[in-house]
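**Student:** Listed below, chain by chain, are the residues.
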Amino acid sequence: MDYTYFQISEQSLVVEFPEQINVEENKLIQSVARELIADNAVGVTGVIPAYHTLTINFDFDLTSYNDLVNQIDEIISNSNDQTTTGRTIIELPVCYNQDFGPDLQDVADFAKVSVDELIKMHTSTDYFIYMMGFLPGFAYMGSVPEQIAMPRLEVPRKKIAPGSVGIAGAQTGMYPVESPGGWRLIGRTPVKLYDPANPVLKYQSGNYIRFKQISEQEYADIQKADANGEYELNVITEGGRNDG
Amino acid sequence: MANFVKVIKPGLSTTVQDLGRPGHQIEGFPESGAMDKFSYKLANLLVNNHKNSASLEFVLVGPTLKFNCDSFIAITGGHVDAKLNQQPIKQNEVVEVQAGSILEIGQMTSGNYGYLAFSNGGVISQPVLDSRSTTLRTQMGGIDGRTLATNDNIPIRDSVVMPSLQARKIKVDFQTSTTVHFVKGPHWNMFSEQAQKQFVSQKYQISEQMDRMGYRLTGQPLDVPAKSLLSEGTVFGNVQITRDGSPIVLLADRQTTGGYPVIGTVIRADLNKFVQMKSGVNFKFVETDIQTATDKLVEQQRIINDTYEKWYANRYVEPIGPIRRNSIEIERLIRSNK
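First to last, the protein sequences are chains A and G. Reading the first sequence from the start, the letters are residues 1 to 244 in UniProt numbering. Reading the second sequence from the start, the letters are residues 1 to 338 in UniProt numbering.
Check the hints yourself; a few may be wrong.
[As the list claims (entries may be wrong)] Cβ-Cβ distance ranges computed for the label pairs, FRET-style: (1) SER279/G x ASP195/A: 43 to 49 Å; (2) LYS158/A x ASP81/G: 39 to 45 Å; (3) GLU19/A x SER201/G: 28 to 34 Å; (4) ALA38/A x LYS278/G: 40 to 46 Å; (5) SER79/A x LYS197/G: 39 to 45 Å; (6) VAL69/A x THR242/G: 55 to 61 Å; (7) GLU238/A x LYS278/G: 54 to 60 Å; (8) LYS159/A x LYS90/G: 45 to 51 Å; (9) LEU153/A x GLN202/G: 31 to 37 Å; (10) VAL200/G x TYR5/A: 21 to 27 Å; (11) ARG210/A x ALA2/G: 43 to 49 Å; (12) VAL200/G x GLU19/A: 25 to 31 Å.
Since the hints were made in silico from the structure, they are not lab data. Glycine residues also receive a C-beta, built at the ideal position from the N, C-alpha and C atoms.
Throw the hints in and build the complete structure from the sequences for me.
**Tutor:** As structure tokens, then:
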């Protein structure tokens, strides 16, 4: 796979792959990112994998741009021999209704289907997490069936409730904290996705999210159990290697 | 009883900061950490702390604090007229503080950010995701993820008497400048030649919209590339050009990823003075290359490293053996008679 390097500052560089939204390409970026932050990578202070780029921050007292370039070349050439078949799927309960998802009817109309069919379409795909960004726990995921890929709102909402699940073109994702935003909201998860008191996230880039439809009663039950620390997300591991 | 400083007045926006949590950007957490890293490191160096010890960062107006234990402190960054028990104290040097003392930092007369470091490890609040830095937007780190409030108790450690610390001071010229150096960004070539020329020839000012997340600049708008981008990781000092053609310089609390084209990145050696620039002051962007930027940063760090070496060579060494026991006993007696 073609890629280029760009030194963006004294202590950071970007590895740039072809500009596209592609699971295989992104999986390679994720695996390079994780290999670099593993214990054996000297001088790497942080990595940010995105759709088609990998940003790497380093400490030039411990490593150099050239050393890192060589190291990344080696990781990429080795990774070509491996087949990554494993998938980690996190099942996320979502209640789809007009209160939680004020754009539910609009998206159904856009797709020319009933609300029930829309929900079926949204829950029938496992979504790959290409990147985390914008806010802690905000996962950029794709791709939704083309039919329901409705563009963002013209004017973003000022306040979106935490847990809201939305669509923005081919992307889908959930708002972990209250924030402004322009995604089309179709439902909400009762699970607390970000807790400042315990900010360890429940999923990471490279994982898959599977949305599961729940009733309003189940929403209330899960929310209560989750608040008491008695709810655990269903995590499904498929295939040999557990690396997404 | 735990040792702490009590907040009498919190100042305008005082937070606990260290070097931030760059290792968690992969999960979407902002890097955070001190805005002016040179001044922050200097404060820690003065009081003999590790370079990642947490300090208080204050903005424009500093806090008033009461100490319940002995400490040594250092104040660095923008200029303030600080007072200890109503007596003026100097910046950029170590000041001994005794339990019961009141430190008033007050109004800043130059710059935007100041640092207050405490000896014996700095602020020892609970680290969150490997850092004590406060990130207000995500309500994490520091004191409950927020700015200091009246009556907060900021945990610090009692400090033993260290005569060698008292002589420590460093001369720092508070730098002001009308130029800010940058290296070309990954999307430089997406801008028209005319926009590139305009970026380096026109005067910019930092607008009133300035915070730890970023500084929005004012100037004649640039022509923006028509092509839209997929979001990419951000770094400290990235200059993004937003849709209306005006730049935002991304700083400590920036979001981890962004989708606006990055025309350049302010070099690290200039970022410290850049974050201290007042809004409305004119400046120009001047292009440089990575090698020059790196040399400048190494030179800046050498000031800190050389000072450390010098002080380390002259450090106070506690006596050993029976003499040590006697000295500890003498110290105890002195302290109990205070």
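**Student:** If a hint holds in the structure, say so; if it doesn't, say that too.
**Tutor:** Hints, one by one, checked against the model:
{"no.": "1", "hint": "SER279/G x ASP195/A: 43 to 49 Å", "verdict": "violated (36 Å)"}
{"no.": "2", "hint": "LYS158/A x ASP81/G: 39 to 45 Å", "verdict": "holds (41 Å)"}
{"no.": "3", "hint": "GLU19/A x SER201/G: 28 to 34 Å", "verdict": "holds (30 Å)"}
{"no.": "4", "hint": "ALA38/A x LYS278/G: 40 to 46 Å", "verdict": "holds (44 Å)"}
{"no.": "5", "hint": "SER79/A x LYS197/G: 39 to 45 Å", "verdict": "holds (42 Å)"}
{"no.": "6", "hint": "VAL69/A x THR242/G: 55 to 61 Å", "verdict": "violated (31 Å)"}
{"no.": "7", "hint": "GLU238/A x LYS278/G: 54 to 60 Å", "verdict": "holds (57 Å)"}
{"no.": "8", "hint": "LYS159/A x LYS90/G: 45 to 51 Å", "verdict": "holds (47 Å)"}
{"no.": "9", "hint": "LEU153/A x GLN202/G: 31 to 37 Å", "verdict": "holds (34 Å)"}
{"no.": "10", "hint": "VAL200/G x TYR5/A: 21 to 27 Å", "verdict": "holds (25 Å)"}
{"no.": "11", "hint": "ARG210/A x ALA2/G: 43 to 49 Å", "verdict": "holds (47 Å)"}
{"no.": "12", "hint": "VAL200/G x GLU19/A: 25 to 31 Å", "verdict": "holds (27 Å)"}
Of the numbered hints stated above, those contradicted by the structure are hints 1, 6, listed in ascending order.
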